[in-house]
Amino acid sequence: MKTVFDYKPETPLVLEEVMQEDLVLKLLEFGIAKGSEIQMKSSMRSGDPVIISGANTNILLRKKEAKLLFVKPVK
Amino acid sequence: METAIQTIYLAGNPNCGKSSLFNLLAGLNQKISNIPGTTVEKVTGRLKLNGKSFNLIDLPGSYSMSAKSEDERVASLELLKAENAAVVFVADATRLESNLSYFAQISDLGLPTILVLNMFDLAKSKGIVLDVDALSRELGVLVVTTSARNNTGIEKLKETMYKLERVTQSIFWGSAEKTPLNHSQVENYRKRINSTLENPDDETGKAHWLQESICRKAHIQEIIQKVRKIHSVPATFLHKLDLVLLHPIWGLASMFTILFIVFQAVFYLAEWPMQAIEWFFSQLGYVLQSNMPSGWFRDILVNGVVSGLAGIVVFLPQIIILFFFIGLMEETGYMTRVSFLSDRFMRRFGLNGKSVIPLVGGMACAIPSIMAARSIENKKEKLITILVTPLMSCSARLPVYTLLISLLVSPQHKIGVFHTGGLILMGMYILGFVSALLFSLVFNVFVKSKVKDFFIMEVPELKPPRWQALFVTLYTKAMSFLMGAGKVILTVSILLFFLMEYGPNQTQRDKLKTEFEANTNATEEEEAFFSKQMLETSYIGKFGKTIEPTITPLGYDWKIGIALLTSFAAREVFVGTMSVIYGVANDPEGVGLREKLRSEKDPKTGKPIYTIAVLVSLMIFYAFAMQCMSTLAIVYKETNSIKWPIVQLLSMTGTAYLLSFIAFQILS
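Heads up: the sequence lines are chains B and C, in that order.
The numbering of the first sequence is numbering that gives the first Met the number 0, which starts it at 0 and goes up by one.
The numbering of the second sequence is numbering that gives the first Met the number 0, which starts it at 0 and goes up by one.
Mixed in with the good hints there might be a few duds.
[What the hints assert, rightly or not] DMTMM-like cross-link-like pairs, simulated, lysine to aspartate or glutamate; straight-line CA separation at most 20 Å: (1) C/205 <-> B/9; (2) C/67 <-> B/20; (3) C/67 <-> B/9; (4) C/379 <-> B/21; (5) C/205 <-> B/47; (6) B/33 <-> C/130.
Think of the hints as simulated: they come from the structure by calculation, not from any bench.
Treat the numbers as computed from the prediction; the structure is a model and nothing was measured.
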């Protein structure tokens with residue numbers, strides 16, 4: 000499975016799986032769940048942290064958490 | 000079921016415009032108090048609708064009923080204990096997914112609820128088309144559209160709020176199938192939230208909550224698909240600007256440029272108003288001195304009250320300019336960009352990107368900034384942020400630095416096109432920031448935490464500032480500083496006046512005074528010698544002399560010692576104390592404190608007291624010393640432990656003493 004880091008920024012992606020329960024809950028608070036469309040909006044040079052856009056909300060998260068988000072490109 | 004509603008809660012996500020809406024509904028009829036047992040502020044107001052009066056409460060912004068941060072927990076607990084109450088849920092119309100997830104959780108509490116779609120105009124401009132009637136039908140609640148920014152939809156909202164007593168909740172969103180809401184379901188749901196709030200790490204509770212949240216999300220998503228259409232619109236200027244501000248290189252370059260401009264502006268723009276205020280108070284002191292009958296009342300008014308106030312009001316222009324820029328960064332959403340740009344760097348020191356907000360806020364005042372650290376969920380990072388925030392150069396240090404810098408270099412002195420004073424001031428702010436980071440490194444080693452947490456935060460859209468809201472905040476903060484500091488300074492100034500007017504051997508002092516007053520042809524030297532003798536023989540003089548041996552290694556005389564001691568109440572008291580000791584208001588030629596200090600000589604050597612070594616030593620002392628009782632009190636409240644304010648007091652003041660000593664010894 001691929002993560003947001005395997006795609007270019009601004010590539011439309013679908014969230015397939017989130018590997019940590021607490022992170023699932025936190026993303027749900029921002030309106031993002033499995034099946035939501037997301038994209039990486041911006042990242043620092045090292046890829047840490049990143050801003051991910053989904054459900055019309057931009058969220059800031061660190062690389063180690065962003066790597067727990069498994070995605071696939073929007074068909 | 001119809002209930003007599005007495006209280007209306009305004010609830011919603013952070014950044015949804017809830018507080019702006021609250022201001023429009025409650026007007027100036029507001030009161031800020033702490034929620035009992037916590038340090039979380041509750042803003043309450045009164046709202047009259049068709050002759051009936053309601054309590055209106057603005058709850059802290061939250062994303063979830065089960066959230067971990069203290070602000071959010073308090074919002075949940077307030078709603079759980081609500082009786083005879085209703086909820087006005089404020090949602091950002093541009094971010095329905097996130098906002099309606101929280102709405103569904105609140106709606107399941109069974110309280111009468113209406114939904115406000117705020118920022119409706121912004122949603123339209125972003126190509127978001129919402130079928131409000133369909134949304135109302137699907138959710139089973141009344142829906143109102145508003146724009147708090149443009150003051151539209153407020154009357155319609157008030158009309159709808161009046162109908163709240165007749166509103167009943169009909170749907171429970173937390174199960175796989177939308178079911179009619181019933182009493183036992185609500186009770187069980189409330190118990191589960193209570194249990195989740197008490198034991199946030201309980202796996203069973205978490206799993207149950209996750210299941211319910213997924214159900215709510217699915218229902219909400221289905222509704223959003225029915226009622227919302229999004230048309231693409233061209234990128235706005237702010238969108239393009241945001242790309243620059245978030246760029247890994249240009250973003251950092253912009254951040255440093257913005258901060259540099261702020262410090263230059265604080266020093267440069269404030270110069271003229273400061274001179275005007277200084278002139279006003281010297282004239283006021285002179286007019287009072289010349290026109291009032293002599294006696295203790297005139298002396299206390301001129302040498303105590305006016306001197307003390309002059310010492311603090313003069314720095315108001317700089318404080319207002321600094322608050323303006325901090326407010327502007329918060330209002331536009333730029334502060335969150337700073338969090339993004341700095342998170343990786345801050346992490347190395349045991350902090351996180353969210354720590355930037357308390358730290359930057361700490362440049363205005365440590366007290367609200369320490370309270371702002373509540374949004375940091377990770378306990379260790381939160382504690383370290385609380386411990387190091389007072390090292391940031393707060394507005395109380397600004398009067399001290401400005402005074403000392405003006406003694407170091409002339410206000411007109413420039414290096415290239417930059418004011419030297421502004422550069423030194425920026426250096427002091429950088430010193431505050433760097434020392435905050437170094438202290439964080441040390442605390443990161445000693446503070447232990449077993450809990451592994453993650454860092455995630457919303458980055459709100461970059462938006463133009465709401466000038467009215469910004470100026471209201473600016474006015475409130477400036478008045479709060481003036482009143483808060485004013486009270487302390489006035490009390491200290493009056494106390495100082497008495498300690499300077501009286502001494503342990505009062506008979507001898509009275510004799511000296513009578514002799515001096517009898518000499519109508521006293522020279523300037525004789526007058527100066529008399530003033531010096533009176534100060535030395537006063538209670539404060541004796542006290543200053545007693546502590547002098549401990550501060551001599553730092554280069555300070557007993558007069559500075561007195562100002563150091565009084566400024567342990569609050570740092571800015573230093574300037575007021577010096578003004579009182581040097582009798583600045585009673586100064587017919589308008590020679591300000593700066594000039595008095597510049598011409599102050601050591602009576603033994605005849606050399607200036609305020610040398611570069613003393614001034615640098617003093618600036619370092621003020622950069623590090625923990626001299627604010629209110630900050631220590633708030634740290635005690637926030638950490639719920641006496642240990643941390645003591646650690647803070649000893650570590651900061653000990654470092655201040657050591658570094659000032661080193662600086663003085665090297666430079667002298």
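Here is what the structure says about each hint:
1. C/205 <-> B/9: This hinted pair is violated, its Cα atoms lying about 33 Å apart.
2. C/67 <-> B/20: Judged against 20 Å, a Cα distance of about 15 Å means the pair holds.
3. C/67 <-> B/9: violated, 31 Å
4. C/379 <-> B/21: The given pair, whose Cα atoms are some 18 Å apart, holds under the 20 Å limit.
5. C/205 <-> B/47: Between residue 205 of chain C and residue 47 of chain B the Cα gap is close to 28 Å, so the pair fails against 20 Å, i.e. violated.
6. B/33 <-> C/130: Given pair residue 33 of chain B, residue 130 of chain C is violated - Cα atoms ~26 Å apart, limit 20 Å.
Hints 1, 3, 5 and 6, counting from the list given before, are not met by this structure.
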